[in-house]
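Peer 1: Construct all of the structure, not just a fragment, from the sequences and the given hints.
Keeping their order, the protein sequence lines are chains A and B. Start counting at 1 in the first sequence, then tack on 347, and there's your number in the numbering used here. Start counting at 1 in the second sequence, then tack on 4, and there's your number in the numbering used here.
Hints may be right or wrong, so weigh each one.
[Said to hold, decoys possible] To spell it out: a stretch of chain A is covered by chain B in this simulated footprint if at least three of its residues, at any positions, have a beta carbon under 8 Å from a beta carbon of chain B; those stretches are:
{"no.": "1", "segment": "410-422"}
{"no.": "2", "segment": "426-435"}
{"no.": "3", "segment": "438-445"}
{"no.": "4", "segment": "448-455"}
None of these hints come from the bench; they were simulated from the model. Ideal placement from N, C-alpha and C gives every residue a C-beta, glycine not left out.
Here is how the chains run, residue by residue.
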Amino acid sequence: MTLEFKNLYVSVEGNMILKGINLKVNGGETHAIMGPNGTGKSTLAQVCMGHPKYKVESGDILFDGKSIVDMSVDERARLGIFLGMQNPIEVPGVTNFDFIKAALQTRMGKDEHLRVGKFILKFESTSQELQMGKGLAHRFLNQGFSGGEKKRNEILQMKMLEPKFTFLDEIDSGLDVDALKLVGEQVTKQKSSDLGLVLITHYQRLLDYIVPDYVHIMINGNIVKTGSLELITKIDQEGYDWVKKELGIEEENKKPYSLGTCATKTMV
Amino acid sequence: MNIPKYIQKGNAFIALSENEVINQSKAIYKDNSFVFEQDEIVFIYLDNYAKETINLNIKENVKVKVFFISYHSRKNEIQMNINIENKALLNLYSNFIARRKTKVNLKREFNLGYNSSLILLNNITYNGQLRLDEKINLNQELANIDIDLLNVGGRDDLVYVNQQVNHKAKKTYSQIHNWLISHENAKLDYYVNGTIEKGNELSNCHQLNKGIILSKKGEIKVEPTLFIDEYNVKASHGAAIGQIDENQLFYLLSRGLSEEQARSLIISGYINPFINKIKNKSLESQLKRRISSLI
Numbered sequence: 348m349t350l351e352f353k354n355l356y357v358s359v360e361g362n363m364i365l366k367g368i369n370l371k372v373n374g375g376e377t378h379a380i381m382g383p384n385g386t387g388k389s390t391l392a393q394v395c396m397g398h399p400k401y402k403v404e405s406g407d408i409l410f411d412g413k414s415i416v417d418m419s420v421d422e423r424a425r426l427g428i429f430l431g432m433q434n435p436i437e438v439p440g441v442t443n444f445d446f447i448k449a450a451l452q453t454r455m456g457k458d459e460h461l462r463v464g465k466f467i468l469k470f471e472s473t474s475q476e477l478q479m480g481k482g483l484a485h486r487f488l489n490q491g492f493s494g495g496e497k498k499r500n501e502i503l504q505m506k507m508l509e510p511k512f513t514f515l516d517e518i519d520s521g522l523d524v525d526a527l528k529l530v531g532e533q534v535t536k537q538k539s540s541d542l543g544l545v546l547i548t549h550y551q552r553l554l555d556y557i558v559p560d561y562v563h564i565m566i567n568g569n570i571v572k573t574g575s576l577e578l579i580t581k582i583d584q585e586g587y588d589w590v591k592k593e594l595g596i597e598e599e600n601k602k603p604y605s606l607g608t609c610a611t612k613t614m615v
Numbered sequence: 005m006n007i008p009k010y011i012q013k014g015n016a017f018i019a020l021s022e023n024e025v026i027n028q029s030k031a032i033y034k035d036n037s038f039v040f041e042q043d044e045i046v047f048i049y050l051d052n053y054a055k056e057t058i059n060l061n062i063k064e065n066v067k068v069k070v071f072f073i074s075y076h077s078r079k080n081e082i083q084m085n086i087n088i089e090n091k092a093l094l095n096l097y098s099n100f101i102a103r104r105k106t107k108v109n110l111k112r113e114f115n116l117g118y119n120s121s122l123i124l125l126n127n128i129t130y131n132g133q134l135r136l137d138e139k140i141n142l143n144q145e146l147a148n149i150d151i152d153l154l155n156v157g158g159r160d161d162l163v164y165v166n167q168q169v170n171h172k173a174k175k176t177y178s179q180i181h182n183w184l185i186s187h188e189n190a191k192l193d194y195y196v197n198g199t200i201e202k203g204n205e206l207s208n209c210h211q212l213n214k215g216i217i218l219s220k221k222g223e224i225k226v227e228p229t230l231f232i233d234e235y236n237v238k239a240s241h242g243a244a245i246g247q248i249d250e251n252q253l254f255y256l257l258s259r260g261l262s263e264e265q266a267r268s269l270i271i272s273g274y275i276n277p278f279i280n281k282i283k284n285k286s287l288e289s290q291l292k293r294r295i296s297s298l299i
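Peer 2: Set out below in structure tokens:
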């Protein structure tokens, strides 16, 4: 089981964000992508999920060797890709229970039926593991949730839907120390040979709890360095300037562009 | 008169047609007025009724829940005066049903006494043309109203609604939530107005209008207005109209729901809070069926 980005170029509103990404994630591996703000880390996750704002200019994304670039968002999700979002969206009036139930049903064949009792038990136990409180099933999706609750709800969805590849985009932001530890432990518990994990983060603290096999540094839309745990310590102590110096990377004269979707208030 | 079974079955009801008035409730009927002197849950059924003004009077301290169901197969004009006396409560659910595509005008005037309450749920899923003029007078201190209106329009429905709330005493409270969905060629036109006269301090007047347009030709127009001649009050108004939020759509799609399923879930999330307030299973499922047939 592999997810592979091959020489991927991606633009938004005519600005090239990803510039020839090459990355291969195998089932059972955990990759951490680190890098300064605005280098395209979140874009990589969103493009893999198929967000319509991003345009794949060239290159490919392969899931077990087959291109998914032309697949719709929901097709990719049903294939087994999951994106734990930086800013989980609020959907008023839709309960967590109905939402996750509907999401699970989409993964079933025509002759399969969701065993509701079993589903409820799993939902309740997962909710307890994430310390989400008893009323979660009937709360509206992310509405009125604290920042930490939203992130834990992303992990809950991941655990319920059991994807094959998961991107966790800054899942540590908005979490206090205890919640970070909890989320880290729960994600680690989920690790298996059936799950390829990509963590996008700025900080070492998440990686204290979810230990990656590979650490990638992304600058100016490309993965410029790959290593292991020693890279995290160095980044934590020295930032990214040493990488730029070492590799002779110059700051780009960036034109501003809008991604438009980050943390915007929902209308409905 | 052909009274639907779900109304007759085990319920207190009042039924009115051009030729007949059936009163199987505790309300006292006299001179086209129904006086409620005891707490009651009652259906009021109108079968093409457009004869005279209907008067409802909720006496002091009495709590009444009314399911107002009006069927139409021809052009009708209905007028109602509703008086809610001191410390009384009227919980009123209204539904207008077209047996065939037609035009209906409904005028309702509410007058509220001291510390009285009106909880109003207006379901507008009418096939045809509907004009609703509602005038609500909060005549005495602590009179309060809470209005939720759900309007789902499809085909070439035309809906015009004028909501006028007059705060005529101190410490009065009003809140209006309008939830509007326009599909196909439906045109929904709303004028929502709150007035606080001078001297009626410590009053609250709030309006919230939300609209989703699901088609290219659908239209929603809302004019929320406030006329306030007093400083020491709280008031707010607003209207947000647009298409289904793309971020919400992407979020649901990213969990594997198809676009059709995602849209349907977002819309049901939009209308469910209204449906959950009806508190009558047959009317709730009737409305759900009606909405699924529309969108």
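Peer 1: The structure should be examined with respect to each hint, and the outcome stated for every one.
Peer 2: Hint check:
{"no.": "1", "hint": "410-422", "verdict": "holds (count 3)"}
{"no.": "2", "hint": "426-435", "verdict": "holds (count 4)"}
{"no.": "3", "hint": "438-445", "verdict": "holds (count 5)"}
{"no.": "4", "hint": "448-455", "verdict": "holds (count 4)"}
Going through the hint list in order, the structure satisfies each hint without exception.
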